[in-house]
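Sequential numbering of the sequence shown, starting at 1, is according to full-length UniProt numbering.
Derived from the structure by calculation, the hints contain no laboratory data.
Some hints here could point you the wrong way.
To be verified - Each computed EDC-like pair below joins lysine to aspartate or glutamate, with the alpha-carbon atoms no more than 20 Å apart:
1. K270 x D251
2. K178 x E140
3. K178 x E107
4. K178 x D59
5. K178 x E221
6. K178 x D68
7. K178 x E228
8. K270 x D64
9. K178 x D147
Claimed, not checked - Pair ranges (Cβ atoms, derived):
10. R138 x A209: 22 to 32 Å
11. L167 x P55: 25 to 35 Å
12. D170 x D243: 29 to 39 Å
Cβ coordinates follow ideal geometry from the N, Cα and C atoms, glycine included.
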Amino acid sequence: MSVSPRIAVVGPGAIGTTVAAALHETGRTPLLCGRTPREGLELDGPTGRIAVPGPVRTDPASVDGPLDLVFLAVKATQVPAAAPWLTSLCGPDTVVCVLQNGVEQEEIVSARVAARAVVPSVVWFPAQAQPDGSVWLRAEARLTLPDLPAARPIGEALHGSLCSIELAADFTSLAWRKLLQNAAAGLMALTGRRAGMYRRADVGALTLAYLRECLAIARAEGARLGDEVPQEILDGFRAMPADLGTSILADREAGRPLEWDIRNGVIARKGRARGIPTPISEVVVPLLAATSDE
1 MSVSPRIAVV GPGAIGTTVA AALHETGRTP LLCGRTPREG LELDGPTGRI
51 AVPGPVRTDP ASVDGPLDLV FLAVKATQVP AAAPWLTSLC GPDTVVCVLQ
101 NGVEQEEIVS ARVAARAVVP SVVWFPAQAQ PDGSVWLRAE ARLTLPDLPA
151 ARPIGEALHG SLCSIELAAD FTSLAWRKLL QNAAAGLMAL TGRRAGMYRR
201 ADVGALTLAY LRECLAIARA EGARLGDEVP QEILDGFRAM PADLGTSILA
251 DREAGRPLEW DIRNGVIARK GRARGIPTPI SEVVVPLLAA TSDE
């Protein structure tokens, strides 16, 4: 990557705003690309408010590409709509970092971009959009990337920023662990409740049973996760502030399509492919799909 890389963030929502602010505070202000024109972005984090200058571009044809590095921060359901941005921003030397949920990031994005590399990530921070359009970063920002040469430019771009980078030799296991957490968070979208609900004994028992079902699929897909992981994830939910939500709940509350397939449907799909029963998924997934339709 060049000494002064050209960087873009596609999708200036909660996650995209956090990464854009991290880049801006270290002097690597990115090009902002999205659906809605805005003068800039604002992040409220542990060190105060960071204002990222815009504007947010809305026309892919107005961008002079290709760029060195693109952070794709749209939801998996929005990738088709973001395809024109990928066409304008990416070239044979571009690295695309996918800031999405799921374990199928490379597969989904690679089919739509002509880039040097598509690098998946695991996002470990709670960022929430606020009514005034700003974003509230409620905890430390951290990204995990596979320990591959293509991930190095991403680490360099975010070095010294509010968003720390970890390179994982066993990225598969970490990605599946995060997927288990996201799958269990899907129960929030079904109930319309926040993290406090996991403190109920009955919801806790259901969550544990569901996570053990997901764990069996994760292991079949090559993840090295111990028997303790389901309880650790449930304990994590119970330790969260009772009012903390998740992106899939926010989408339900806003009437947007849900990422049910890449967070929950994937468990049932891969279970069927491997002949592993997933009885809880067979109930949860159709209900989430119906909720998304509504």
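Looking at the structure, which of the earlier hints fail to hold? 1, 4, 6 and 8
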